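Q: Kindly produce the complete structure, drawing on both the sequences and the hints.
When the letters of the sequence shown are read in order and numbered with numbering that gives the first Met the number 0, they come out as residues 0 to 208.
Think of the hints as simulated: they come from the structure by calculation, not from any bench. Misleading hints may appear alongside valid ones.
The calculated DSS-like cross-link candidates involving lysine-lysine, where the alpha carbons are at most 25 angstroms apart (straight line), are [unchecked claim]:
1) K165 <-> K112
2) K78 <-> K140
3) K140 <-> K112
4) K140 <-> K165
5) K103 <-> K78
Bear in mind the structure is a predicted one, so any value in this text is a computation, not a measurement.
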Amino acid sequence: MSLELISLENIQEFAHHYGYWAIFLGILLENLGLPIPGETVTLVGGFLAGSDELNYWLVLSVAVTGAVIGANCGYWIGKLGGWPFLLRIGKIFRVSEKRLLNIKEQFSQNAAKAVFFGRFFALLRIFAAPLAGIAEMPFGKFFAYNVAGATAWASLMVTLAFFAGKVISLEQLVAWVSQFAIVAVLILAALIFVPIWLESRQVKRAAEE
0 MSLELISLEN IQEFAHHYGY WAIFLGILLE NLGLPIPGET VTLVGGFLAG SDELNYWLVL
60 SVAVTGAVIG ANCGYWIGKL GGWPFLLRIG KIFRVSEKRL LNIKEQFSQN AAKAVFFGRF
120 FALLRIFAAP LAGIAEMPFG KFFAYNVAGA TAWASLMVTL AFFAGKVISL EQLVAWVSQF
180 AIVAVLILAA LIFVPIWLES RQVKRAAEE
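A: This is the structure in C-alpha cells:
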C-alpha cells in the first residue's frame, strides 16, 4: 500500500464518505497488521465528532469495537500458528529455539501489561495480541485486558481530537500526536533494551573473571 493511500487527506475523505465504517475498518485492519495509521483514523473520527459531522459516542464505540475485534483475531493467529512461524524466522536469523523459549517466557510474565499498555505504542498495538497468543495467555484474561486497553486508548484519542480539534487544525493535532508517539517508542525501547544490554555486559565480565 502506498503512502498516498493512507495519507491524512485520504483518511478524511474515506471518513466523510463512509463515516463510522471507515473508522471501524481502519482500526480493525491496523490491528490485523496492515499499514493503516490507527491513531490518525481515530483522531479523524474524534475531530469529525467535534465538528458535529459524527456522533462522539458512536465514534468511540466503533473505535473500541474495531480495536477489540482486530486484536482478538491477532491473538488467535498467534495462538494457532505463531510459534511455528517464529521458529522459522529464528532459523533465518540464527536465533536458537532455547532463546526464543526464553523470550516467550519473559513475555508471558508481562503479557497483561503488554496487551493493555501496548495500545498506546504503534508497533506494540500490532504485535502484542499475536505475541499474547504465542505466549499462551488465557483468552479470558487476554480479552479483559484487550477491552480495557482498547477502551482507554480510544477514549483518549477520540476525546483529545473532539476538544483539541476545536482550537487547532487536524493536521497540527496529528503531527503532535505522531511526535509524541515517536518519543514514547524510543523511551519504551530504552526501557527494554538497556537492561538487557547491562545484563549481557555483567555476564560477559563474570565470564572473563
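Q: Each hint needs a verdict: does it hold in this structure or not?
A: Against the structure, the hints:
no.	hint	verdict
1	K165 <-> K112	violated, 33 angstroms
2	K78 <-> K140	holds, 14 angstroms
3	K140 <-> K112	holds, 11 angstroms
4	K140 <-> K165	violated, 38 angstroms
5	K103 <-> K78	holds, 12 angstroms
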